[in-house]
Amino acid sequence: MAVNSYREDEVLENSDKKKHLLRLLSYLMEYKGNIFMVLLCMAVTVGISLVNPLIIERALDVHVAAKDVLGLMKLGIFALMLNLVYVFMVRIRLLVMAKVTNKILLTIRQDLYEHIQTLSFAFFDSRPTGKILARIIGDINALKDVLNNFVTTLIPEFVTVIGVVIIMMIKDVRMALASLSTIPLMMVSIFLVQRASHKRWRIFRKKSSNINAYVHEAVAGIHVIQSFGAEEETKEIFSEVVEEHKNAFWDACRYADLFGPVIDLCWGIGAMMLYLVGIKVLGVEKVTVGVLVAFGTYINMFWRPIMNLSNFYNSVVTNLTAAERIFDILDTKPDITDEEEAIFLPQVKGEVSFEDVSFTYDRGTPAETKVLSKVSFHIEPGETIALVGPTGAGKTTIVNLISRFYDIEEGTIRMDGYDITKVTLESLRKQMGIMTQDNFIFQGTIRENILYGRPEATEEEMIEAAKAVSAHEFIMKMEQGYDTPLKEQGAGLSIGQRQLIAFARTMICKPKILILDEATSSIDTHTELLVQKGIQALLQGRTSFVIAHRLSTIQNADRIFVIDQGGILEQGSPGELMEKKGAYYRLYMASCMDI
Amino acid sequence: MKKLHTYVREHWLGYSFAILCMVGAIVLDMIYPMITQSIVDDVILEGKMNLLTRLLLGIVLVGVGRSILGYFKEFTFDRLASTVGSKLRKDLFSHIQTLSMNYFSNTNTGELMARVKDDVDRIWDVFGYVGMLTVEVIIHVSIVLYCMFERNWKLAFLPLFTMTLCGILAVIMEKKLDRVYDGISEENAVLTTVAQENLAGVRTVKAFVREKYEIQKFLSHNHRYYELNITQSKILARYYPVFQFIGKALPIASTILGGFSVMKGEMSLGALVAFVEYTRNCTWPMEMVGWLGNAISQAFASHKKLKAIYAVEPEIKNEEDIITLDQVKGEITFEQVSFQIEKKEILKDISFCVKPGKTLGIMGATGSGKTSVINLLQRFYEVSEGRILLEGVDIRELSLKQLRSNIAVVAQDVFLFSDSVEENIKLGQRKEMKEEKIKEAASLAKASDFIERLENCYETVIGERGVGLSGGQKQRISIARALSKKSPILILDDSTSALDMETEKEIQKALEKIRDTTKMIIAHRISAVRHADEIIYLEEGQIAERGTHEQLLAKKGLYYQTYEAQYGSRLQEERREKWQ
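So the sequence lines, in the order shown, correspond to chains A and B. If you count by my numbering, then the first sequence holds residues 1 to 595, one letter each, in order. If you count by my numbering, then the second sequence holds residues 1 to 580, one letter each, in order.
For reference, chain B alone in the conformation it holds in the complex:
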């Protein structure tokens, strides 16, 4: 993670300007009593009426100056805070995007949302008004301390001592609060996660009438969040009054201690009065320390959470020296590939080669590892043994970008963004893709008819995950998305399961016409893979059978059984019809 102070350093000019405005305002604050003093002494007591206009003008000018400087100070701080906060947010987001699948399957969406939104907000505050007030307190206290040492250095040790005490207390409080805020920030993420899951699964919740249970679940976390906040306020309630006490008691203590020295004749009464006035000026900064300490510990806790995310390295990244392929024709080779995840064997000894323009069909039972083959090819996970080659080059030697941009996948689990149909299809080539290409792909995917019937055709905004569209419609948009890329390699992962037979047939025909693309088709229906150049049948992570449709039928093995199950009765019927 980039150190936080480097963000400040990047904006040193802005911060300097803001602090300059602040100093200016403080200086004007000090001029004001001089003017009023002059009004009393010179105008009223000595009757120099000619000075009055100038002095009154001075008061107005000080007011105008203070408000202008004050405005610039606040606005500049706000501007800088939002600039730095937004930068931090973008950096965090970019980092999260580089992380690998494994990280995302183990991290909750709600948690990441809380980090990017709420935790960055806490830090944003410190770069803004919290930081501004802290600097203001420091400048103010320094000036006042300086003046006090000027007047009476012995007595000035008292405020110096109490202020140091305040600082130490603030650090102790910060430590205590830190732990609580750690918990609060964590619970905030949990609360987000619980609510997020509930909202995402709202259909299931309602279908099973489990609203009450969900409410109960949320209540327990809501309560925990409440408890943590109460713990936080208990700590605050322990320290906060102390800061206030010091702020209030300092002038009195100075008066009394100063009083003794006046009695001893070490100090004049007038000097004491002035000194006490200065200590009064320290009251608000002292009272502020508690509040600032609180805000800063909150930001620290959030910062720690962000650092933890930054500490996660992407498991899969580009090698040092990558090979760039000039032209990818689409040859894919798996060489004795095995894959384990969390010590569980998913794939074992998988070998195959798909020549450019050829088609590989993959079948197999639920959980037999079909999708894992695709995930490995895209390098979402790293193979445990063996290697995967693209055009004869180990995919680990290619850049992730080059590898993935040559493979267009229609995933089994269709994901659509709450954006227009057009944007959803363009994904990955948002800027360069032409309208004709979108339409062409949509019509290949048999999606153009229903898209054109939508309210705003291609500009129609579809709901998150495509709510509002039927399962089959979503699948077709997802197919169009892959086809529009015209990649040399096309992968269809059980991507027609929600389509009716007729549409599926039409899409299959359209796909067969795309000749120069290497295809990998995962399917459960024989009809989807029967024209493939090779079909592999996976069983528990291994290739149980392989060959063409005809070869596999002749084998009378698993593939044949599937075939029988799907067409058996129909075959009989047809035969019967012929007989009749």
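Bound conformation, chain A alone:
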């Protein structure tokens, strides 16, 4: 299986920057009205900024020169009013823009999260949790600046630049061309710089994601690390991951930090060209001091916004890689989805059949492993089927296929005669109670964890389920009974207790089809017997699949399937199989060998 680890960088499919940027902007387009308002506010503030120097000029030239105290005071009050308007406009701009960007972040984050929920196991299996988290949290936060600056920097500064160029052209084409002669140089160098830095920012983001992945694992596995005294080497690995991240940052900065200096240089050369052309080519007689000085000012007015734009561009380049990573997930098609004409699976009786089912993990990759080939069987409603066989033979795979966690390669799986690929996933899985091997416990009370299986269940049903799996007793011994809060991953409970809670959660579903994958593996024999007795009543009339290694667990099964070598090696009732003296018999005898 091609699995990504915390050490390796992720591979991204698509890196078309323009497309990502446009896609990001399409989110902004939904707030046209608000953005128009922001631009309007900005127009007013820019206007006031332009008027301010005129006020100073007027104050100096007219009022101070004429010693007009009253006029000066009036002008002062006018300027005060004007700038209060300015304050007001800035305030509105900030509030509106903050609302827009935060709304967009909220939307993208929610979209991403919802999309991730639709993805199939293959997606989660192939990458560390920390890396998916990095995209949901860090990468989305990184978009904030891009969105903000797009409206508040890009548009106004761009308008300013165009305006200044036009004015310069009108004033004197030759001098305008001279002052702007370094633009091609600037464009080329900026292009080169951004190409170099974009590539490196992508690496930086990936390294950053590696940190997340490693911290996640080191915290989740702290028990093992401390137990093996591996703190030192974990520290070393983390150090390596952090150093790589830092070096990637240096590497990116080495180029990205060139943005400012390149502009500075072009600015300087442009100014030099202006004076050179103005004085040498046109001659001192033809150029007035006023024009020269004016051009000097215009050059400033031209390059300042360019500087801001390039800063913005720099941050776009930096953060666009975050957008890339988000869209990468949004564009990952879920492998397993409802077909277009999928129907709602009505309440089933519990008949399950496999018809020539084959399944290969990671098909089409070098890691492909055939697990099942042409497996067929038919199960009547209410039957209890036990799956036994060596580890890795494909027992869990069979039950995963029934709940359509993976799609099969060929053949058909039917439930009450319905092809499971032709019904909606929700209606299919809702009819099943699946107890997976990992017994995941959520943070929340015991009650919440049990009711997770069926939130609408009553208190009596919950207690019934807990009693059936012999969990009621230990739950009641806890200080707050069913309202005892459980910590992350059920810390504080023994593994056996976690398994019992997970078991109760499955039993409360009262599903037509029950799948118990090693449901009692961590439970002592005495409790297990109680559980078996307890669930007898609940199992009545339900089809169930039981995977277990302890043969005592499966003595009550109607039929036993021995799974090995990609298929069902043997099947039959426990008695039949014992008589057959085949694989099951050997397994059985092995377990009695030392008696």
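Among the hints, a few may not be true.
As the list claims (entries may be wrong) - Here are the simulated EDC-like pairs of lysine to aspartate or glutamate, each with C-alpha atoms no more than 16 Å apart in a straight line:
| hint | chain 1 | residue 1 | chain 2 | residue 2 |
| --- | --- | --- | --- | --- |
| 1 | B | Lys87 | A | Glu240 |
| 2 | A | Lys370 | B | Glu455 |
| 3 | B | Lys329 | B | Asp516 |
To be verified - The following residues of chain A were derived to be distant from chain B, with all beta-carbon distances above 12 Å:
| hint | residue |
| --- | --- |
| 4 | Lys18 |
| 5 | Ile35 |
| 6 | Ile136 |
| 7 | Ile137 |
| 8 | Ile162 |
| 9 | Pro184 |
| 10 | Asp264 |
| 11 | Thr332 |
| 12 | Glu340 |
| 13 | Glu383 |
| 14 | Arg447 |
| 15 | Glu460 |
| 16 | Asp558 |
Hints are computed from structural coordinates only; laboratory data are not their basis. C-beta: ideal position from N, C-alpha, C; glycine also.
Given chain A, put chain B in place with the hints provided.
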């Protein structure tokens, strides 16, 4: 926690260099107007054409100098920020690693992730461009203020006053923002936690078709995060425009006030013009203050979160003077050990002694305290009463490292890293372990067959927590990991539960052959413990029965009942077969 400024002090040379570059660039900035002035005055007006080449060269040189200095300034700041940030991250991580189990069971993984990643990032910024701009603003403002006081000290009080006002406002804003950022940083951690739990439990979520509920849960926190960000921007929107206003109004106010003094004849018009020019130079620093204040409060809030983690002392650490054992043969003694956690009694009056090379079997119902015995032996928790001895020495007098490195544990809850099989087995001896040792351990654990069938054998990368492997395969890697250490003490905590009978048998046989190792085996299956030298049966934290297999069978107690349950029917069948 190491004080933040000590991190800066360690890099004082770098920071000095960066600031020197900054000052250089500012100086060049001031030379530029002199050159243009000279072009106008000397070249154009006075016609000194011979000066032109030199002056133009000057302009280019200033441009080149500015860009070189600017580049060094920015790059040095970035470099320092990442060095300090990375150091801070490593220190934090190391500290977290020393904390005790109790801390981790009460702290969410998602939260710690947010601290190590996002909160350190905020501080990183302050050591980098935020810090750079702050210094730049301060230098700039100081120079300008100095020039203004030179020109007209009376009028210069106006900018001095407004700038002080700005500073005070910035502090007030910082205080207000601080609380919000505290919340934002907290909610960021919660958001991470919610998403982390969802991802970790994705199998359960999907099995119960609860995606909609999970989405709803995330949405509520996502909304809360949004609300907090809006609150933050409301505060910003209150103060930010004020800074901008001051920046814009200062030149006008100076003009008008200066205008009065010009009228009174206290000041020349030219001097006023120059003065106003200077105030214009203050506009951008004033506008910057709001933004900087914001970034700094964010870092403060994050810093507080980190300090809180640093304030947590590891509950369990080495004593002042530790005893070093020369050779550990593997004798373990529990002397009337009791253990309580959160006032709940977990173990009571547990005593046993395992001689080197002997095996202790532990059985008992779910939740009877079996795993706690192991946790106490490894000193993940401290005993409440009694003591635990290794080679006759109280384990509290040994270093944690020595204690734990002599005990190899196969935990019940298998944890594998998303790394190669090899690295997973080597854990704890990553550098020194030889390949043969890895292979030997894998074959003892009956894992070599399936590992060699993997795509890249021992180099195959397995998913986080071993996804992609079956439960039994994971367990075998975990057994190989413990066996490869060749520790004098081996502990198996229900570590064959996911294995099929045959494999389990083979592993048991292989384990029995390891003679010089003290073994503690927790199991539910009689077959796993029956050869043990002593078996203890725990019930509600106390030893209910103890003895060898035969002794316990003779007792006809709990152990016997378990035996009956597991083998009873088979025994009958066998008897029947014999009869027939």
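Consistency of the hints with the structure:
no.	hint	in the structure
1	Lys87/B to Glu240/A	12 Å, holds
2	Lys370/A to Glu455/B	13 Å, holds
3	Lys329/B to Asp516/B	8 Å, holds
4	Lys18	27 Å, holds
5	Ile35	16 Å, holds
6	Ile136	5 Å, violated
7	Ile137	5 Å, violated
8	Ile162	23 Å, holds
9	Pro184	17 Å, holds
10	Asp264	4 Å, violated
11	Thr332	14 Å, holds
12	Glu340	20 Å, holds
13	Glu383	21 Å, holds
14	Arg447	15 Å, holds
15	Glu460	20 Å, holds
16	Asp558	17 Å, holds
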